[in-house]
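There are 2 protein chains.
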Amino acid sequence: IESESAEAVLDKLEGLHPTDIAELMDELSMDEAKYLYLLLDPERASDVLVEIPENERRRFLRVLPPELIARQFIEYMDSDDAADVVGDLEDDMKEAVLQEMKDKEQAGDIADLLEYDEDSAGGLMAKELIKVNENWTVQTSLKEISAQAEHIDEIYYVYVVDDGGFLKGILSLTKLILNPTNSKIKTLLEDDLHYVKTDATQEEVAQLMERFDLVAIPVVDHIGRLKGRITIDDVVDVIREEAEKDYQMVSGITGDVESGDRVWNLTRARLPWLLIGLLGGILGARVLGANESALAQIQGIAFFIPLIAAMAGNVGVQSSSIVVQTIASGARDFDSIGKKLLKELAVGLITALVFSSLIFVYNFTFGDSLKLTWAVSISLFIVIVFASLFGTTIPLVLNKLKIDPALATGPFITTTNDILGLIMYMMVAKTFFDIV
Amino acid sequence: IESESAEAVLDKLEGLHPTDIAELMDELSMDEAKYLYLLLDPERASDVLVEIPENERRRFLRVLPPELIARQFIEYMDSDDAADVVGDLEDDMKEAVLQEMKDKEQAGDIADLLEYDEDSAGGLMAKELIKVNENWTVQTSLKEISAQAEHIDEIYYVYVVDDGGFLKGILSLTKLILNPTNSKIKTLLEDDLHYVKTDATQEEVAQLMERFDLVAIPVVDHIGRLKGRITIDDVVDVIREEAEKDYQMVSGITGDVESGDRVWNLTRARLPWLLIGLLGGILGARVLGANESALAQIQGIAFFIPLIAAMAGNVGVQSSSIVVQTIASGARDFDSIGKKLLKELAVGLITALVFSSLIFVYNFTFGDSLKLTWAVSISLFIVIVFASLFGTTIPLVLNKLKIDPALATGPFITTTNDILGLIMYMMVAKTFFDIV
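From first to last, the protein sequence lines are chains A and B.
For the first sequence, the numbering used here begins at 1 and goes up steadily by one.
For the second sequence, the numbering used here begins at 1 and goes up steadily by one.
Next up, chain A with everything else stripped away, as it sits in the complex (with noise of 0.2 Å):
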């Protein structure tokens, strides 16, 4: 890239979009970086700049001049993007890259935006909003509406407030050019609107938007003034967001990587869950050896140890998972958590049943004895059950103490109740040939 003139690369650059240039930057050197940075015209600098990864960026901002980061940045974006650049700051660069800003109106939105927690509707929502007064007509609030327009992209709803600046209602373009021009506003917004409070988590606003098929949606504070709205788009990436993080921890990544990341960041993501694979490894090492005794004398009970593990730990992911997306959908659950065991328990009943009959049937065809198919197959009978109910009550305990329940899935379940598992198997076998 280096060796060609600063025009051609720009030529290259021309056809791609933000998000693909915040890709190619990621594989680049800080220089090289730096260099591009500077070559991009402000605006589109801006775009990248809020495309690439949070520890990149800060890594890049680092290097810059407060002064620069206001001016050639800042400046250009949103003032929900701007919130999360300035946000990702340390403290008195925060401060000095706002007091850098001309534009000292957009430098207050954004300090009021850094007020709210990252995650939450007032960390998501943008200022940038149209909003008339219920008591304008159609004919001022178009002309109020095309002064406000200046600064925004796309008008998906009109938000109409009183002289205290409370959350009235909303219009829809459409109503205000369908309408005569000398109507109130009064009589013609929708006030049956879903809006959301400043601390509504962002799962909540998702959920929400999801729900109600919403475009956009007003925030409001704890008496109901208008503060801000948030659009779909910072919602689709939520969603996308979330369901990466549920899919991640079933299985066993931590973090947001993909293949195209250094070999160190894979790593990195992969080492937690092994950890915690490898000491459930150990335990089981140990929960073997304290039955050496049965292993040795009963003939070919080892074989079925890689069976009996790898069923609890399916099945007890599998049943963690149900109620992890369950949760995560957000659907209205009609049913008691009793109700949900109960429900589990007959799943559990079933699938336990069905598997120990075929594993008894093999072992019985192919086997040599009896009594080690009578303990391998209600070895795997208890297991099924128990990982059944043990899979989904973790889950349902973590939400009810506001852990992510997704934490319960994935390696965690697997190695917990592959453990689990080989202790049963080892009692019932014993049980069996009556070693003591």
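Be aware that a few hints might be false.
Which copy is meant is left open, because identical chains are indistinguishable; a pair holds if it fits in one copy or across any two.
Said to hold, decoys possible - For lysine to aspartate or glutamate, the following DMTMM-like pairs were computed, each having C-alpha atoms within a straight-line distance of at most 25 Å:
id	residue 1	residue 2
1	Lys184	Glu144
2	Lys184	Asp163
3	Lys12	Asp26
4	Lys339	Asp31
5	Lys143	Asp78
6	Lys168	Asp199
7	Lys340	Glu32
8	Lys197	Asp233
9	Lys245	Glu258
10	Lys12	Asp213
11	Lys340	Asp256
12	Lys197	Asp213
13	Lys245	Glu203
14	Lys102	Glu43
The hints are simulated quantities; they were obtained by calculation from the structure and are not laboratory data.
Every value quoted in this text rests on a predicted model; they were computed, and no experiment measured them.
For this one, chain A is given, so just place chain B on it according to the hints.
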């Protein structure tokens, strides 16, 4: 519910959203559900019908006469929802319903939509849209928009076509309002726009809209004539579905189940992958059975079976999930397949080194046999490297073959890696202890 009067029931349903009512319906018997439907006014009843799961809907519609379906439900729906519902009916029922419709234009639209594959852009789009001719003035356009807007809930963009119906550009309402009434549309339109062809897959549509933060996207046929539009709310559903599908795959569940579902559905969704787990367990038992002499002669060798199997499974799931997630995110990937595998090899080698060293230290400290200590560590090393490469390769190959790469996550990869891990462990151990 049945014991209360119609008014009391309606009162209770008043505040609920169609999605909630749909979930409630799911809990009721057929007769109760039918009774409820006929209580609701048609507009609301159709909203509810759109929200209930496909198989429930099919069962329910089978008992109704075509006139009722046409006039009570279909005529109140947007063309895209109507096409989904009608598309689910049996062929002769489809025709009957379309013929019973009074609104012949809508019947025609639905018939058009039924031509497209359900998972394509054509299957996702709605026919309802606002379009203006490029030769009109702002004033004419506003008048036309008012007329067209009657059938449409919300306008996001106005599409501009030429006399032949070819898509020329888009126009935001904002722009229409802010410009003089005698301006020609031609001079105002934005012609650098995103669009999809009718045969684009729904994943492509979702990725495009997500990437460029679009609220609606126009759909054109192969020669560029405007055919319909897709709105973000349908795409949010696609994104959610795709994410759920991958999640279910990695957790070993087939089909879209939630803990609120019936016991039989919950059980059925879990049996297929557990069956694979069982077969894997039996194969594992065979592998161990074939190594009976090694198991009998090497004291303690059985203790580490769960450890080797668990690590192989976990590493494999992690590797395959990272690949699947990268493919699903649709991010441009600048790495070639060769580079990916080299990286994965590096990740595998580091991970393998870390964990085989850890287990070496553990066994060296607490174990009795130095030979077994070496055998376990070396096996674990080989197994981890192999599982990384295997977990990365399989989904890449499936993707090349146009098979959903997510198939290679979860129980499939765990089970395969379990067995291969056991084979390697036995081979290494026998080499160390000189057993043939």
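Original post:
In ascending order, which of the hints set out earlier in this document are inconsistent with the structure?
Top reply: Every hint satisfied by this model.
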